[in-house]
Structures are given as structure tokens and as C-alpha cells.
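Asker: What follows is the residue order along each chain.
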Amino acid sequence: MVQAEGMAGRRNRGRSVAAGVVTTIAVGLGLLVSTGAAGAQPQLPPIAPEELVRSVLSAPNPGPFNGTVELQNGLGLPALPELPQAGNGTSTARIWSGGEDRGRVALPTDSGERTLVSDGTTFWAWNSADRTVVRRPIDQAARQEDRPADPTAAATRAIEQLRATSTVAVDGTAEVAGRDAYELVLTPAPTERTLLREVRVAVDAEKRMPLRLTVLSTGSPDPALRVGFTELTFGPQDPALFTFTPPPGATVTDAPARGPQEGPERTTVGDGWDRVVIARRPADATTTPSPDAPDLSSVGSPVSGPWGSGRLITSTVGTAIVTDDGRLAAGAVPEQVVTEALSR
Amino acid sequence: MTRGYAPDRGRSGHDSASTPDPHLTAVDAPPAARARGLRKVFGSTVAVDGVDLDVPSGAVLGMLGPNGSGKTTLIRLLLGLTRPTAGSAELLGMPMPDRAAAVLPRVGALVEGPGFHPFLSGRENLRRVAAAEPLLRTREIPRAVDAALERVGLADAANRPYRGYSLGMKERLGLAGALLLPRRLVVLDEPTNGLDPAGTRDVRAIIAELHADGATVVVSSHLLTEVEATCTHVAVLQSGALIAAGELHTLLDAGTTGLVVSTPDVDLALHTLRGIGAAVYRDEAEPSAVVVPDGPSAPEVVALLVRAGVAVHEARRRRPRLEELFARLTEGTP
Amino acid sequence: MTALDTGVPKAAPFTRLLAAEVRWVLRRPRTLVMLGLFALIPVLIAIGVRVADRQAGPGRGLIGAVAGNGLVLPVAAMTVALGLLLPLAVAMAAADAIAGEAAAGTLRGLLLAPVGRLRLVVVKASGVLVVAAAAVLALAVVGVLAGLLVVGGPPGQLVTLSGSTIGTTEALGRVTLVALWTVGQLAAVGAVALAVSAFTEHPLVVLAAVLGGLIIFGVLGAIPALDWLQPVLLTSGWTAGVDALRDPMPLDGLADATLRALWYLAAGAAVVVLRMLRRDA
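Residue numbers (the working numbering), protein chains in the order written: chain S, 1 to 344; chain Y, 1 to 334; chain H, 1 to 281.
Only chain S is shown next, with the shape it has when bound in the complex:
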């Protein structure tokens, strides 16, 4: 006390700094304590992996819910102007589901929002940045394509496509968005030529609905991609959420319904983990890129081979080649597998 008093009044500058540091540390510790509580692993009855997979694929519609989805992206892709979520980082989306066909997704940014609403018959895409609305009749067959931020759909598709070429296991339990879940792990069979190490799916113990999808690549302990609910509440939703009325001043454009036969022509080479998808863009899409298909002409590095030439885009989980003649080949595989697929 004597020393502290002795310093007082004469060494204000030094003390200001000290005060700042002390304040910062105090605040920091306080926040860490308040947010550091980790959820314990829930106790659940054991379940066989095959049974869990079957129950996921045959689970009934979970009914109306709302939730928040967080996407943690470690793919190492460049951020695209039209799609900031592609770059590394964390983005969130809010999801409301009214049951079968009706849903709403809000993709907020710091100063705006994209809102996607499906009212059962019409799909609306609102972008606050330029106040545009794209309106499109819903084709039942292509419905899943309209749910870009839904971890449930993505995880279900992944299980469907990968189970045949994977070792499937249940690796304990997890708590996701406050709900008890099984951790389903799909590991590629040794014959699969893939960049991926494993795919983990947290499955809701009660509803058998995937709550979180984690993609891990070889050579990295951190997830390349993790998308999952951080909040989830089941229950009836306000029907007004699943309607959309273009606000005053908005520009509304009508897009044609997108069926499985329309859009890019698509072929696949291989199956399972080392599947490569080759798409040929429609001729008009190269000149006027639609909002759904970002312009890739400026990213990647030049590459050529017997198949032609194009641009190579690599990430921790996959490889893609955009050829100069308008083909796009991509898969969760090394470059060689993609070029082989293109050469066929």
C-alpha cells in the first residue's frame, strides 16, 4: 500500500496503461468463464451402425422446427463476391421449416440478408443488397436443391451416397444444439481414391434427423467443413414465415422451373468417395452467369493435359477443373482422378 501510494499522482501515465491491461485481463477472464462451459457427452442406449443408417434414411419428416445453422468452412477456397460463404470462416443461417414443402432460410451478412422462402408452390429468393426477388415455381423432383443451408439434407445425401463404399461406425454420442445425438462415422474403404479421411454425422437420437455434418480431410486434424445446428426447436411455426410478398421497390424476376433434365448437363465417373461429377454448362450460361452459379473464370491456376486445358481449383477436400470448353469436373479426389475422369 505504501508503495502504491508513493507512485500515485506522479506516475499517472504508467498507471493508465496498467489499468487498461488489468481491465482487459479481468474482462477476458470473465468472458472465458461465462462461455467456457462444455457440454457433457449424453448417455444413450447403444445402437448398431447399420440400424442407425437405416433409421436415418427412413426417418419420417421431423415436423415443423426452427433453428440456427452454423457453417464452419475450412475448405481453403477463395471467397467469391457472390458467395462470401465459400471463403474460409464461419457463417450462420436461420432456418424455419413448416413441414413438407414450406421453409424459410435467412442468410444474414453484416449489412444485408438473403432470404429464401418456399411457400409450397413458389420459391422466392430475396437479396437485400440490390432489392431483387427471384421467383420460381417449385418442381417437386428438384426440391432438395433449394435447401442449400440445410445440414439435414446434405448429411442425408452424404450417407445415401457413401454408405456402400464406407466403413460405418458409431463413435459415441454428442450434444448438438442442446439435443442428444449419436455420432455416425463413415470412413472410406481402402480402395477409394479420395482426399477425405472421414465424414461424421451427428444424428438426433429421438428424431433420427442429422443435426451436424463434419467433413475431415487427410492430413488435417481440423474439419474442412462443418455444418450443423447450433439452435433447434421443434414445434409449430408462424405460417406467415412461409409466405413472401415482394416489398415496395423490389425488382421481381421470374425464373423457369428447374427440373432434373434442365440446368447443366451432368455425368458422373466412378461412385462413392471417388466419384467425379462432370457438368457441361449450357451455352448461354457462360455469357450470363446466373446468381446460383458463381463465375469461376477468375479463380484457380491454368492446367492442361490430353483432355484439353482449363483452370485447376484445389482445396483441402477436393479438386475441380474448369475446362476452357465449358466443362466442370469436380470430386473429393486428387487432381489425377479428375483428369482421368475428364480423359474418358
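Hints are not guaranteed to be accurate.
[Unchecked claim] Across the chosen pairs, the derived CB separations fall in these ranges:
1) Y:A229 with H:R278: 36 to 42 Å
2) Y:S44 with H:L229: 37 to 43 Å
3) H:P224 with S:R157: 27 to 33 Å
4) H:V33 with Y:R201: 40 to 46 Å
5) Y:P95 with H:R23: 33 to 39 Å
6) Y:G68 with H:F14: 37 to 43 Å
7) H:I223 with S:R157: 33 to 39 Å
8) H:L226 with S:S309: 38 to 44 Å
9) S:S58 with H:P224: 37 to 43 Å
10) Y:R163 with H:L226: 45 to 51 Å
11) H:R278 with Y:N67: 25 to 31 Å
12) S:R157 with H:L226: 31 to 37 Å
[What the hints assert, rightly or not] Beyond 12 Å from chain S on every Cβ pair, some chain H residues (computed):
13) L32
14) V33
15) G36
16) A39
17) G48
18) R117
19) T169
20) G184
[As the list claims (entries may be wrong)] Part of the chain H face toward chain Y, derived, beta carbon under 7 Å:
21) A12
22) R16
23) A20
24) W24
25) P29
26) A104
27) T106
28) G109
29) L110
30) L112
31) A113
32) P114
33) V115
34) D280
35) A281
Just so you know, these hints were derived from the structure itself, not from any lab.
Cβ atoms here follow ideal geometry from the backbone N, Cα and C, with glycine treated the same way.
The hints should help you fit chains Y and H onto chain S, whose structure is shown.
Answerer: For chains Y and H alone, kept in the frame of chain S given last:
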């Protein structure tokens, strides 16, 4: 060993005091201010070094000392503005700074110059100070402020912004802040800073009024004439230590040696006294007087001069000016 | 021991102290200039949006969202100002409240009156809060007026960022919510600034500390590798006011930021109190 009043000597000091109003220094009144072993260290600088001091109730104490001798720090310690490194301080019988809330309403102070906001007028500044005074009722504030402004001669400038005040006006406003209500103790740190002679006279008059009303006044100054003119008691500080303290006239008498003889026959007087070996000299302050320092006793000198035919108009004990006393005290110590 | 203890009020009435402080704060020329500038911000944005509107379509970003949608203006103005100007204004008030008073020698006067040191902290904090509230009020009120009169938009409606339309009453309710939330964030800044102010006699040190803190927090918040720091940084929740423009309105961001602000407020207040109980004057 002139380090303040020893606690037991304090009372006898009061009894023999020649304060104008003896009833003010009642025997059982606690000292208005008291320091015991008071010490304050800033870093490696010892600002106040073991001060023991009693300020008797009703006294006007002049605190003297060169710049940097610790006057202001001692005042701040007494007022509880800073905590002592060691020792204790009391005001009006209560420990400081612990009982500041009970004591300070009765204490008016002007420390380290006036502190006011430049964008407010003198009156607005005083009202802000008055709003914080526990003993002022809200409805009394306008009257108290006006009275204080009147008392320090600022009534005409009350509505001008403080920014435009001269140094002397600022000092007067500071004084007004200390005098917003009747106080039992008024502490003034260098109150005549920046004041013109008329202002200095006004401050003296105010101190005299406070004294007449029975208040204790502690006034620090480096202007010795001012202290000599207004104070009953003196405390002299040097390098943080109290080197002398006591009643003004006692201290001055203690320094008294020799006689001052007023005479028209200065040369004859000098000649006569030098004849008996006295180190006599002409008084610089008074041309028609000679000073007889240590040596022959008063009756002896007067008899000798009268016999020699020197016309002696007056012979009195020599009282040194405070300035001399101060010089002697501060020269003797490092 | 004496009559000192009996029959006298222990301290000046608290409301009187508070009134004197508020009067002092609002009489200070720089406070008035600052409030004037804050009132000007929405007007300038409104004029800028009108001019840009005539030249081209709606621009990107929050300011772009104001075009043809006047009731967004108050929220946009508060959000933009919260980034730098509002914290600096609060820092200035906090700098004057303790460091400035110490520099002017008036802190001593208050302590000698005496004003209890704890009360002094409360009075000073209230003064800072008044400045924060007045600045936000200026932004909100002038923002609503300029939004309705200069920018215009769908009559009596606000188009949310989510593409829905809400009525005037709800829009004004949301503006009020953002205003209150902003004052809460500023209270945290004010508490930290007062803590710095309690340690110095130089008001500029306080301004520099707050400005430096904002810059450091901004840099730390922009480094992806330090993502884990985000929950600790006061500034990382400062865009949450925009959430009031979404439909349905998410409350998580606003609530998180408020909780964070409370931590800073508590830490700042503790430092101010501990320091002011011992500070020399």
C-alpha cells in the same frame, strides 16, 4: 527542539497566548488541526518528513517555507486529499481522511490555486461548488453564492465567464468558494497569489474577520510581511520538516537580543557606546536610531547615553522582523 | 465528539449533485458541439442517399439499404456511429468527468465539499451516461425525421432486410430498442473510459486509450486465426443493431452483445471505484 508544541505544552501555550479573544481558545477545545509524525513520500521524494504540529483553535497560523518545502503537501494531508505514508492527521478533533465526511463541511479551503471551469460564469461555478456543500440547503444556495461573491468583491463580475477573469479575480473566486458558509476552519494555500496590493489588503481583512468570528485560519504563504501582518501563530517548514512553530510574538521575542535606541544624536550615541566596546550600529530601517546587540543591559546603556548628553527619545527591546527570523531559521538548516 | 455529528446532513442531496453534474455536462461547449454533429450525421446520410439515388440504383451495404426506405436511417446512423464516433464522444465525456476535473483543479473542490468518493463515481458515471443517451437520442430522433422527410419511402412502412414490410409503430419500436441497446454498449465504453480517466490528469490519455482500444479490438477481430477471441471483444457485437432490421428479429446478437457489455461495465466500474477510493486530489 522547537518542533511544534508538545501535546502537554500546548495548553500552557494557550494560556499565555495573547490572542485578542481569549474565550476562543478555551482550555478544553481540541486543536483545530493536529499532525503527529506526519510523513509523505512520493516515489523517492520525501515531501513531508515527520511533522508534529498543533494549530490551536481560534489561531491564525501562517505556514512559511520556501517553494517546495512541503507546505501544500502538509495542507493536503491535513485536509485528507492525500493519505500519509506514516503518521496521523486530525482536523477539528477527528482523524483524517477517515472522518472527512463529518469534518470537511465545516472546513473551507483553497488549495493549489482556484479550480473552476472556464466556460461557466463565476456565479455558475460557485453554484456548482455550493450544490456539493452538505451544510447548504438548496434554497439557501443562491443567497450564499451572492454573499460570497459580494464578500470577495466579485459581485460585478459574477456573470462573466471565468475564462475572462484576471489572475486576481480567479483567486478571489477561489476564496469565495471557501467562504460559501460560516466555517470553523479555513485553509488558504497562497491566497494572495496574483493579487494586487488592494487585493492583498482585502484578503488580510477577510482573514481578520474570520479570526474575529472565532474561526481558525491556516494560511500558507511565502510572503513574510503578509504573515507577519495577519497571523497569531507561525509554522516554518523546510525540506518537508517543521523547523519552528509557535506563537508569532513568542518566536520573535525568542530571537530578541539588544536594544533599539531612538535619538537625534546618532553619531554621538554610536561614539559613546563604541567607547565601552559594544558592537553598535545604525538601524537601517530607522535612520534616527541605533541598534545595540548583545552586551550591556538596557539600564546601563540608557544611563551611559544620558550621561554623555545623548537625547534618548525611546529605548526598546529589539524585535527582529519575521524576515530576519525566517532567514536565520532557514539558513541554519540544510 | 462535537456538534459536528449532530443535526447536520451528512452529505448534499444526491439529486442536487446529479442535477449540478448534468447541468455542467450539458453546458460544456464541446458537449453541445458534439451533439450538434451527431444530429448532423443522419441528415448528411439522408442527403447523400438522395443524391446517390438519383444517379444510380441502391448501393450496397447498410447505407444503401436506406435509399427509398427512410425508417432504416436511424438504425443505420446509430450503427455507423457506434463504430467510432459514439465511443469517442463517450470517451470524451469520461475524460472530462475525472481527468479533466483533476486537471482543472475542480475535482479537489468536490472532494473538499465534501462529496463522498463513491457518490462522486456514481455522479460522474451518470454524467457520462447522460452524454451517451443524448448523443444516441440525437441520432435516433433526427434519423427518424430525416428518414421520413428527406429520404421518404413506402408510406409509414419499413422494408426489412429480410424483404418483409413492417408498420410505423413497430419500426419506431425497433428504433427505440436499438437506441437503448446502443446506450448499453456505450455504458460499457464509458465505464472503461472512466477507469482510465481515474488514473490520469490528462483527458487526452483517455481519448487515446479508447481510440487505441477500438483499433486494437478491430484488428484482433479481423484476424481469422484469433476467432476464439471474438466472444471477448466488446466491438465484435457492434453490428448487432442491424438485426433490428431483420424479420423475424433475431435477439441473440443483441443479447450477446449486451451480456458482453455488462462484463466490461462491471470490470470498468470496479476499477473506477477502487481507484477513486484511493486517488489523491
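Asker: A separate judgement is required for each hint: does it hold in the structure or not?
Answerer: For each hint, the structure was consulted:
Look at A229 (chain Y) against R278 (chain H): about 40 Å separates their beta carbons, and that is inside 36 to 42 Å. For S44 (chain Y) paired with L229 (chain H), a C-beta distance near 40 Å keeps the hint of 37 to 43 Å intact. About 29 Å separates the C-beta atoms of P224 (chain H) and R157 (chain S), a value consistent with the hinted range of 27 to 33 Å. The hinted range of 40 to 46 Å is satisfied by V33 (chain H) and R201 (chain Y), whose Cβ atoms lie roughly 43 Å apart.
Range check, P95 (chain Y) to R23 (chain H): Cβ separation about 35 Å, and the 33 to 39 Å hint holds. Between G68 (chain Y) and F14 (chain H), the C-beta spacing of about 40 Å keeps the proposed range 37 to 43 Å intact. Separated by about 35 Å at the C-beta atoms, I223 (chain H) and R157 (chain S) satisfy the suggested range of 33 to 39 Å. Separation of L226 (chain H) from S309 (chain S) is about 40 Å and conforms to the stated range, judged on CB atoms against 38 to 44 Å.
Restraint check, S58 (chain S) to P224 (chain H): a C-beta distance of roughly 40 Å satisfies the suggested window 37 to 43 Å. For the hinted restraint 45 to 51 Å between R163 (chain Y) and L226 (chain H), the CB-CB distance of approximately 48 Å keeps it satisfied. In this structure, R278 (chain H) and N67 (chain Y) meet the distance hint of 25 to 31 Å, their C-beta atoms being roughly 28 Å apart. At about 34 Å, the CB distance of R157 (chain S) to L226 (chain H) agrees with the hint of 31 to 37 Å.
In this structure L32 (chain H) is separated from chain S by more than 12 Å, as the shortest Cβ-Cβ distance comes to about 28 Å. Taking the minimum C-beta to C-beta distance to chain S, about 26 Å, the non-interface status of V33 (chain H) holds against the 12 Å cut. For G36 (chain H), the shortest C-beta to C-beta distance to chain S comes to about 27 Å, beyond the 12 Å cut-off, and the non-interface label holds. For A39 (chain H), the non-interface assignment is confirmed: its Cβ lies about 23 Å from the closest Cβ of chain S, beyond the 12 Å cut-off.
Its beta-carbon lying about 16 Å from the closest one in chain S, G48 (chain H) satisfies the requirement of being farther than 12 Å from that chain. Chain S leaves R117 (chain H) outside its interface by the beta-carbon criterion, the shortest separation being 14 Å against a cut-off of 12 Å. Non-interface status of T169 (chain H) relative to chain S is upheld: no Cβ of that chain comes within 12 Å, the nearest being about 17 Å off. With a cut of 12 Å on Cβ distances, G184 (chain H) stays outside the contact zone with chain S, its closest approach being about 16 Å.
With 7 Å as the threshold, the beta carbon of A12 (chain H) comes within range of chain Y, its nearest partner Cβ sitting at about 5 Å, so the hint holds. With 7 Å as the threshold, the beta carbon of R16 (chain H) comes within range of chain Y, its nearest partner Cβ sitting at about 5 Å, so the hint holds. Interface restraint check: A20 (chain H) against chain Y, minimum CB-CB distance 4 Å, threshold 7 Å, status holds. Because the beta carbon of W24 (chain H) sits about 6 Å from the nearest beta carbon in chain Y, less than 7 Å, this interface hint is met.
At about 5 Å, the closest approach between the beta carbon of P29 (chain H) and any beta carbon in chain Y falls short of 7 Å, and the interface hint on this residue holds. For A104 (chain H), the interface hint holds, since its Cβ comes within 7 Å of a Cβ in chain Y; the closest pair sits about 5 Å apart. This hint holds: T106 (chain H) has a C-beta 4 Å from the nearest C-beta of chain Y, less than the 7 Å allowed. Because the closest C-beta pair between G109 (chain H) and chain Y is about 5 Å apart, less than 7 Å, the hint holds.
For L110 (chain H), the interface hint holds, the least distance from its beta-carbon to any beta-carbon of chain Y being 5 Å, beneath 7 Å. Taking 7 Å as the C-beta cut-off, the interface hint given for L112 (chain H) holds, the closest approach to chain Y being about 5 Å. With a cut of 7 Å, the hint placing A113 (chain H) at the interface with chain Y holds, because the nearest CB-to-CB distance is about 4 Å. For P114 (chain H), the interface hint holds, the least distance from its beta-carbon to any beta-carbon of chain Y being 4 Å, beneath 7 Å.
Taking 7 Å as the C-beta contact cut-off toward chain Y, the hint placing V115 (chain H) at the interface holds, the least distance being around 5 Å. Checking D280 (chain H) against chain Y: minimum C-beta separation of about 4 Å stays under 7 Å; hint holds. Annotation: interface hint on A281 (chain H) holds; nearest CB of chain Y at approximately 5 Å, less than 7 Å.
Consistency with the previously given hints is maintained throughout, with no hint failing.
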